[in-house]
Each structure stands twice: as C-alpha cells, then as structure tokens.
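Asks: Here is how the chains run, residue by residue.
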Amino acid sequence: MRAVTRAVESRLSGADLDTVRVVVREVVAAVARGSAPATRGLVNNGDGTVTTGLGARLPQPAAGQSPPSLCVGCVEQTKRNGRPRNRAVVTATGPNRRGVIAQLTTCIAERGGNIEDVSQTIVSDYFTLIFLVDLAEVSATFADLKRDVEAVAERLGIRVTLMHEDVMRALQRV
Amino acid sequence: MFWQSEEVTEILRMIEQEHLDIRTVTMGVSLRGLAGRDLGVLCRDIREHLERCAGQLVPTIEAIQAELAVPITNKRLSVTPIAIVAEPTGADSYVAVAEAMDNAAAEVGVDYIGGFSALVEKRATRGDSVLIDSIPEALGSTERVCSSVNVATTRAGINVDAILRMAERIKQLAERTKDQGGIGCAKLVTFANIPEDNPFIAGAMHGIGEGDIVINVGVSGPGVVLSALRRLVGDNPRCSLGEIAEVVKRTSFKVTRAGEMIGREVVRRLGGDVSFGVVDLSLAPTPTVGDSVAEILETLGLERTGAPGSTVALALITDAVKKGGLMASSSVGGLSGAFIPVSEDRGMVDAARVGALSLEKLEAMTAVCSVGLDMVAVPGDTPVDTIAAIIADEIAIGVVNHKTTAVRIIPVPGKVAGESYDYGGLLGIAQVQSVSKFSSEQFVRHGGRIPAPLTSLRN
Numbered sequence: 000m001r002a003v004t005r006a007v008e009s010r011l012s013g014a015d016l017d018t019v020r021v022v023v024r025e026v027v028a029a030v031a032r033g034s035a036p037a038t039r040g041l042v043n044n045g046d047g048t049v050t051t052g053l054g055a056r057l058p059q060p061a062a063g064q065s066p067p068s069l070c071v072g073c074v075e076q077t078k079r080n081g082r083p084r085n086r087a088v089v090t091a092t093g094p095n096r097r098g099v100i101a102q103l104t105t106c107i108a109e110r111g112g113n114i115e116d117v118s119q120t121i122v123s124d125y126f127t128l129i130f131l132v133d134l135a136e137v138s139a140t141f142a143d144l145k146r147d148v149e150a151v152a153e154r155l156g157i158r159v160t161l162m163h164e165d166v167m168r169a170l171q172r173v
Numbered sequence: 000m001f002w003q004s005e006e007v008t009e010i011l012r013m014i015e016q017e018h019l020d021i022r023t024v025t026m027g028v029s030l031r032g033l034a035g036r037d038l039g040v041l042c043r044d045i046r047e048h049l050e051r052c053a054g055q056l057v058p059t060i061e062a063i064q065a066e067l068a069v070p071i072t073n074k075r076l077s078v079t080p081i082a083i084v085a086e087p088t089g090a091d092s093y094v095a096v097a098e099a100m101d102n103a104a105a106e107v108g109v110d111y112i113g114g115f116s117a118l119v120e121k122r123a124t125r126g127d128s129v130l131i132d133s134i135p136e137a138l139g140s141t142e143r144v145c146s147s148v149n150v151a152t153t154r155a156g157i158n159v160d161a162i163l164r165m166a167e168r169i170k171q172l173a174e175r176t177k178d179q180g181g182i183g184c185a186k187l188v189t190f191a192n193i194p195e196d197n198p199f200i201a202g203a204m205h206g207i208g209e210g211d212i213v214i215n216v217g218v219s220g221p222g223v224v225l226s227a228l229r230r231l232v233g234d235n236p237r238c239s240l241g242e243i244a245e246v247v248k249r250t251s252f253k254v255t256r257a258g259e260m261i262g263r264e265v266v267r268r269l270g271g272d273v274s275f276g277v278v279d280l281s282l283a284p285t286p287t288v289g290d291s292v293a294e295i296l297e298t299l300g301l302e303r304t305g306a307p308g309s310t311v312a313l314a315l316i317t318d319a320v321k322k323g324g325l326m327a328s329s330s331v332g333g334l335s336g337a338f339i340p341v342s343e344d345r346g347m348v349d350a351a352r353v354g355a356l357s358l359e360k361l362e363a364m365t366a367v368c369s370v371g372l373d374m375v376a377v378p379g380d381t382p383v384d385t386i387a388a389i390i391a392d393e394i395a396i397g398v399v400n401h402k403t404t405a406v407r408i409i410p411v412p413g414k415v416a417g418e419s420y421d422y423g424g425l426l427g428i429a430q431v432q433s434v435s436k437f438s439s440e441q442f443v444r445h446g447g448r449i450p451a452p453l454t455s456l457r458n
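Here the protein sequences line up with chains Z and G, keeping their order. The first sequence stops at residue 173 when you use numbering that gives the first Met the number 0, and every number in between is there. The second sequence stops at residue 458 when you use numbering that gives the first Met the number 0, and every number in between is there.
Think of the hints as simulated: they come from the structure by calculation, not from any bench. Please note that the accuracy of each hint is not assured.
Some chain G residues well away from chain Z (every beta-carbon gap over 10 Å; in silico) [what the hints assert, rightly or not]:
#1 Ser4
#2 Val7
#3 Gln16
#4 Val94
#5 Arg154
#6 Ser239
#7 Val246
#8 Ala257
#9 Gly289
#10 Ala395
#11 Asn400
So the derived label-pair ranges between C-beta atoms look like this [as the list claims (entries may be wrong)]:
#12 Glu153/Z / Asp272/G: 36 to 46 Å
#13 Thr140/Z / Ala105/G: 21 to 31 Å
#14 Val288/G / Arg154/Z: 31 to 41 Å
#15 Val288/G / Arg97/Z: 37 to 47 Å
#16 Glu418/G / Thr140/Z: 24 to 34 Å
#17 Gly308/G / Ser138/Z: 55 to 65 Å
#18 Thr140/Z / Glu106/G: 23 to 33 Å
#19 Glu109/Z / Arg267/G: 45 to 55 Å
#20 Glu142/G / Arg154/Z: 38 to 48 Å
#21 Gly270/G / Arg154/Z: 52 to 62 Å
#22 Ala142/Z / Arg51/G: 19 to 29 Å
#23 Met326/G / Ser138/Z: 36 to 46 Å
#24 Ser138/Z / Arg457/G: 58 to 68 Å
The structure displayed is predicted, hence computed values, not measured ones. Every residue, glycine too, gets a C-beta built ideally from N, C-alpha and C.
Using the sequences and the hints, build the whole thing.
Replies: This is the structure:
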C-alpha cells in the first residue's frame, strides 16, 4: 500500500478524485497480475489469488476484468508480530476537488503514517474518503497528527475525522 | 481488518449527530486509610490523597478522547462515605471535610465529587447524624460536592426517621441556595438500595467493599437509541414491539462497548493500583433536543410521555438496554437502566409543562426504570412532611422490588406549580409540578423503622 500511496503522490498531485481512483486501481491490478513488485500492501500468491496487506485473500482478476477493490471487507488481523495494531481510521468528506487525496496522504506520510487501505465514494460531486492508517512509525502524538491533518482539511474546505481503530473494533465487532 | 464504509459512517453518525458520548468516567477513591481523630489532619490528608490519586485523571481522559473521537462529557470523583471516614474525629460538623473535597476536586479539574454520604438504612451512628446535619451548609457552601444518603434497603427495611431528617435538610438546603432556585438540592440524593459503584452524580460514592482506586464508566445514548427507533418506525410504521426491543438491544450493545473500551483504556494508561470497576448502562438524557428518553417513548407512539402506556413502554426500553449492555460488558453495575430526570430531559419538561406527566405517573414509571424521582421540582412551600412522604413512597418501591430507587427533589423557593426555573447546563429547566394538597403528616410523624419486607427473606 505504501507503493500505491507513493504512486498516487508522484503521479496525481492536483488530479481529481476520479483520476486518482483509476490510477490506484491500475496499480493494484499491476501488482495482482505480477507485473509490479510485491509490496507491503499486496502479494501475488502465484495460485490465482492475491493477498492484501490486511490479510484478505482475493481472486486474481483475469485480463480485462476489474481489479479487486481496495476495500477488502472485514478480515480480522488485529495483531502483527504479536503486538496490537495501532491504526487510525481517517474519514474525509466534502465537495470533490483536485488534490484532496494528494494533500491528505502527503500530510499523513510526512508524519510517518502508512496508508494501508483506501475507500472512496462519490455521490453528486460530494466525496467520502476513508483511509486506514498504520501509526506504528508516526513520531508525532496522535493529537499532533490530528491537528495537522485537520489543518490540511480546513485549507481544502473539507471535513476530516481521525479516530483510533479501537473504536471501530469495539463497536462493530464482538 | 478493514472496515466497510457503512460501518465507519455509522460510528461517525452516532458520535456527531446522535449524541453518543461517554457521560462520565468516575474515579472512585477509598479514604478508609485516612480515618483519624484529628479533623484538620483528615482534611489535609483527603486533599493530598485525592490530588495524588486523581492528578492524572483529567489529562489522561482528554488524551483518550482525542484519539478515540468519542466525547467523554464528564470526569468525576467519588469517595468512601464521609460519615465513616470522619466519624473517629468526633467533630460536630463535617463541613470542613466537604470543603477539602471541593478544593481537591477543583485542583484535579473534575466538575463534581460524590461521597459526602451516609448509610443509615437501619439506624444512624453519631457520625451519620453529624453528616446529615452538615448537608445544608456543606452543599450550600461548596460547588462540586455531592451528597447521598441511603435510608433503606430490602434487607434492612425503611428508616423513616432518616427520611424525615432528610426532608428537613432538603428544605434547609433549598432555602440556603434560594438565590439559585434551590440548586443545592440537585446535589443531594436520598436512596434505597444504594449501589456502591454508581458513577453518576449526584449519587456516586465509593462503596466500602470497593478497592483502593477504581474507574467506573457511565454511558449515555438516548440520542442513538432514538435515531435507531426513528429509522425503524419510519421504514416500517407497523413494526412490532418485539422488533423495537431488538433494535434497542442492538444499539445498547454498541453504546456499552464504547464505555467498556474507554474505561479499560483509562485504567491501562493510569496504571498502578487503578482497577476497572463497572460500566453503568443507563440511558442518561440531556436537555439537548434529540437526547431524550421522553422522545424515545413518544417515538413509539405515545402522544406525550405520561400518557397511559408510558410505564410499559419504559419497561420495554429499560429491559432491552440491560440485555444489550450485558452482552457488551463483562462488568455491569451501578444503576443500569434508564434515567428519567425531569429537568434534564427536554421531553420530560415539555410533558410536565402541558400536564401530561404528573408526579404520580412519574412515580409509577420509576418502578420499571433505574432511578426514581429525579430532578423533580415542587412548590417551595411544600411541607416537610409531604416531602418526607413522597420520598418514603419512592423508597418503598425500591425496597419491595429489590431495586434501587432514589429521590432528588427540589422545593424551589418562591415558586408555585406551573412555574419553571432554568438551572442551565446539564441540569436543565425545572418545571414545578403540583403536589397533593392532602396531608401525610400524621403518618410520617409516627417515625421509626418499617421492617424489611417478606421478600427480603431469601436465605
């Protein structure tokens, strides 16, 4: 996923959300087909399936088919190397405009956050973006990260919420 | 694990639009080790001990709130019943102890501290009597101190002498704080079967069976339940009451999980001797529109809360809240049910204003929810004996039904039935309700103790 994020950052600064979505899917499809190196986010298993960085095993898309969505469903993987995961769910909403993903992801990446998954929907030019961010290498406090991301959101004229993943786990899983 | 966008947006909606919050994180602190013969030393020790134990409480909670994005509305303290701690001093007044509690609460940044309390369900010791007699001055001269007195249990019966004494103190306290509509009475609760781990003010105390330092959490959630029911009824106006109960149960589950998670995280971060106590499942309304238990009842089809059907509707809601919450937490306690504090619930205030909700109907409803006559305003000239009889009636419901009941009643000085007083904030607007003009004096003045009911003999 970090490779995907870098691809988005390097190729799409200033692009609109639809363009970003197409490129992200291209990158995912390239990894799934084995034409791109395995990344932390996606691994080609060589048996017709691909495993995402979140542990989901998905069928490898055939040529001409749509690649798997980044939103891979609810695969439990709360620990890595025996330690609890430390992740944030970042939700951004607002009117669609150029550079939203680029600026948010840049802000998060510069502070050490690793975007592990992205989901987006656009209805009537109004978008909802959800990032799952690994905080393991974030040097700043959660409060500082939150303040910085909210500052970016304010400049973009969108609304953003940072919430620790533990809230989701507590309320949505037994 | 990744999350479906619907799951994420549901949580955000609950927090941002439906008032999901953690109503209170309350740290209970044992003061038993501080008891001694010198009142001055005791007061100093209480202040120092509370500042030592709770110094990091508020910063810790605020950091957790920032990370989890779930509002934690109140941070509070509760302590061992002061009548027990202060009795060895032999002092004639415990007002100095209340002031020490008040100062400590201000120092650590909590808005209320509970535990200026006595347990007199059978009889009062000298220390209990001193505490009860100190209540008007103690609550009238402090900002943050709350008091509770347990006057009955199912096992001990009802101490009517204590009820009479409480009614007198309530009148005195109202008079002492008459410039603010008798607001002191909002900090005083008379209990039957008082829980020892209740995190909610004003009835919070740290029971004598508790550990050194305990974190108890009170969840909220009327707004979330209300929204879920509005969606259900909106989509299917002919849904059955069983389906309604199921929706409440599922919603309560999620709300309680939030409370459990936050309580345990507070304990983990504070470390040391701090242990996790309970999650109190109560639906706790606020004066905010849409955060009302009364509105929940009205969403189910009652024209106004207080109309026939209100008691059974409240029973349905309370039971479903408990069932959902029990599945979500390994440690449920406190009051756990649904609160119907009149002034603090906008729908209740409106129902009282239009005459739909009488004091008598409210009393009936308290038989099936978790508290009692809570934040009930009555005319300032209501006689002491009548207040005592109102308390005794409510206490009897708790004693006979093996449940907690309580009375937080405010005889608003200078006000008559039909008038109102705005206390502001979470205390809301008190609608002064009419009280029976028929006297109870001769009955309550018999005094003494009503023996424990037959249902207490379960051994």
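Asks: Going back to the hint list, which numbers does this structure go against?
Replies: 1, 2, 8, 16, 19, 21
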